[in-house]
Every structure is written in structure tokens, then in C-alpha cells.
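Undergrad: These are the residues of each chain, in order.
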Amino acid sequence: MSSEGMDGPKLGFSFDLYSRNDMLTKKGLKPPGYLKTGTTIVGLIFKDGVILGADTRATAGPIVADKNCEKIHYMAPNIYCCGAGTAADTEAVTDNISSQLKLHRYHTGRESRVVTALTLLKSHLFRYQGHVSAALVLGGVDVTGPHLHTIYPHGSTDTLPFATMGSGSLAAMAIFESEYREGLTRDEGVNLVTKAICSGIFNDLGSGSNVDICVIEKGKKEYLRNHLTPNPRTYISSKGYAFSKKTEVLLTKITPLKELVDVVQVGGDAMEE
Amino acid sequence: MSIFEYNGSALVAMVGKNCFAIASDRRLGVQLQTIATDFQRIFKIHDKLFLGLSGLGSDAQTLHQRLVFRHKLYQLREERDMKPETFASLVSAMLYEKRFGPYFVQPVIAGLGEDDKPFICTMDSIGAKELAKDFVVAGTASESLYGACESMFKPDMDHEELFETISQALVSSIDRDCLSGWGGHVYIVTPTEVTERILKGRMD
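Chains as they are written, first to last, in this note's numbering: chain P, 1 to 273; chain H, 1 to 204.
Read the hints as simulated data drawn from the structure, not as lab findings. Hints are supplied without guarantee of correctness; some may be wrong.
[As the list claims (entries may be wrong)] With a straight-line Cα cutoff of 27 Å, these simulated DSS-like cross-link-like pairs (lysine-lysine) come out:
| # | chain 1 | residue 1 | chain 2 | residue 2 |
| --- | --- | --- | --- | --- |
| 1 | H | 200 | P | 253 |
| 2 | H | 200 | P | 67 |
| 3 | P | 102 | P | 221 |
| 4 | P | 218 | P | 47 |
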């Protein structure tokens, strides 16, 4: 405890509490559930690049914990990654590899390649044998052209022209399999991705809320946050909630916040007396 | 019984116009027996940053002590207070470090950031951040709190109305949860003052 924060950055996971938690589980206490991103995530390659799409619902068991979370994570200026599975794992693994890619860019002086991100991600996930539960759709455009990959929690990868992952993947794949063709234009691609995500949102209970899209082309990218919002809150009554009786208060303590003192130099050098 | 239901807790934070409110219940139990009715779940990190910790009481206190330690070190090195967004990232990193043997807590962080803009966020026990623009909830009463806040919340409330809303949401949700209760502890923070109030609730 006393050396915490003083020795410099610690690497990797800390297993300090593992034996205590194991003892509690043996005594019959159930371990907690984690925030999952139920999810429909998709990617497709079009004429000039890659389009990634995702829904925006995060669930904690059967409850919707976040109605508008971000599932398309930044990896590099030309590479983005959608994540499904345990939310903390997808965020941590994409942030970690994004930092490693930045250091690599400084080291080599070149733009990052999608296969670099792919190898870093798959090695990390394989090392933890699937316990880091992150299923990813990685897409980007680099000097060798547009690329799209899927990465499974145990570390296997696929390279595909169109891909879907998450609980809503079957609903989205049905749309892709019937309507995808090579050489789509940007607008056709965006419409197809929107349609696939909507199919996930309306038919899969683990996905919902809005559609996020990210279009990556050679030299530029467009992150369309909440590109489509097919589930607005329309039931709010305009007059709001009126409380008939006020809350009973037992004790009130008001602490004014201290104002910072302004030092005014009257004239002359501050060091002169 | 889940580990989160060992002590019982209810936490909620809401955003208002240039202010925020954070509230908790006051019961500490050991499964179904109540052992304290004045348990502190909301801690002040600095004047404009509050941290609420729901879940297992001992992990909440340990995590709070470690975070105070890290914040004091930060203050010594940077000669200023931590911004709420930075603090949220710190908590998230500390929780994810223990990914395969986690602390059994769900933190709720509320603070006034740059230009006194209110910031609230919650996390699951391994540090998955959930940033919200309206309200965040945590604890055993979270399901009732979601429903109550969803219907009672209005954007841009002033601090008086915000206090009334958050108190009503908290007290009505606590009444429907056996493991939290014995009143409420509400902090309303504006750029000029912090108002701490203790609410009367059902004592069962």
C-alpha cells in the first residue's frame, strides 16, 4: 500500500484480491455481473474504404444501463474498432492497443497499418485465453488499401468484405447477405450499414437505441455519432413532475466554497519592497 | 445471495443547471440485519468533486482510502485539484487493474469540471465508464432508481428543484428495497456552496 504510486507505472493485471474473492465464492456469495454491450456491430468494405456501424445500448443483466454509449473506439487516425462483450474489456483493450500504436507511429514515423492493430489485439486476447471477453470488428484504410477484420475473444481472426458481431449479428448478417455487393458507393454503403444495425436494434433485445456510423476513406474519416435516432423519448409530459408534499429534512449544513484570492500587483517589480 | 447484496446500498447522482446533486441511503447491513443507520457512502475528494461508493462496505472504504492517497499525491505534484474527468479515468484504471479479482464496488462520481460544468459518471465493478448527461444510479435499489429518475428527471433544473427531485426519486426507490433505507444523505453542489442535507425516511 505504501509503495502504490511511488514506484512508477505497474504493468498488467493485479491478482491481489483473487484469493479473497475465491474464498467468498466458495462460501456461496455469487460473483457480480459486469456491464455488457449486448450489441450489434457491423463493418463493410465499399469502393473507397471501410464503413463501421454499431448500436448504442449497454446492458447490466436485463436492465439498460446506458441508452447512448459509444461502441466505435478510436485506434489510430485511419483505424477504428467496434467492440462487443464486456464493456470494461473492450474499452481497456482498445485504449491499450491504441496507445501502443501511437508509440509505434513515433518509432517508425509512418501511418499505422490495420494488420499491426490486428496482430497486437489478437496476441493480447490469446495471452488471456478468452478471459478478456472482447469481440471486435476492426476496420481501417492504410497504404495497402482498405481492410476489415473480426477478432474473437480467444484470439482468432477473420478477414472479410463484410462482417457482423454481437448478439444482434444474425439479424444484421441477414441484411448483409441479401443486399451486399462489391463496389458500393459511400451513400449506398452507409444506407446498408444503417439498415443492418436497425435490424439488430429492432429484433435483438440486447441491442437498441441509436445507430453510430464511422466512414473511413483514404486520407479522411467521418465519425457520424447518432447518425440515426429511431428511438426518441416521446412520452415525456411537458408540464413535468409536480411533487405534492416536500421532502422531510432532518438536518441542513451549508458550506460556502472558498474563493481563491486574487493577487494584484500595485506597481513596480514584485520583488522590490 | 450476490456479493453486492451483502451490505445493501442506494446511490444516485443528477445533473442540474450549473449544479449537481449526489444522494445515498444510510443503512449498513449484514445481509438482513441492520448494524448501522448513519453509514457514510459519499466522500468528498475536493471541494467540487464527490465520490459515492455502493456495494461491499469494506471494499468501498479501502478504495476510498487509496483514491484519497492518489489524489493527494496528484495535488502535490500538479499543485491543483484533479478534474472530474481525470478522476473518473483514475478510478476506472484502478478498478480494471483488478479485472480478475475485482473490488466489489460500483462507484458514482460527480463533480464540477472546467467552467463549473457538471459532470457525472458511474462504473461497473471492473471500471467500464458510463458517462451520462442526466442521471446515474448504483446499488441494490438501482432498478427502482432507474424507473424513478427516468420519469422524474427534467433537464436544467435549478438547485432547489434538483434537491426535491433527487430526494423524491431516492426515497421512493429505497422504500421498495429491503436492503437500503433509514433515510437519505443528499449533497447539492453549486459553484458557490455545498449543501448537505439528511432526509427522514422509513425506519424499516
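Undergrad: Is the hinted pair residue 218 of chain P and residue 47 of chain P satisfied, with a Cα-Cα distance of at most 27 Å?
TA: Holds. Residue 218 of chain P to residue 47 of chain P sits at ~11 Å (cutoff 27 Å).
Undergrad: Given the proposed pairing of residue 200 of chain H with residue 253 of chain P, does the C-alpha separation stay at or below 27 Å?
TA: holds (15 Å)
Undergrad: With the threshold set at 27 Å, check whether the alpha-carbon distance from residue 102 of chain P to residue 221 of chain P stays at or below it.
TA: holds (18 Å)
Undergrad: So if I understand the rule, the pair passes when the alpha-carbon distance is 27 Å or less; does residue 200 of chain H with residue 67 of chain P pass?
TA: With Cα atoms ~32 Å apart, residue 200 of chain H and residue 67 of chain P exceed 27 Å; violated.
Of the numbered hints listed earlier, the single one contradicted by the structure is hint 2.
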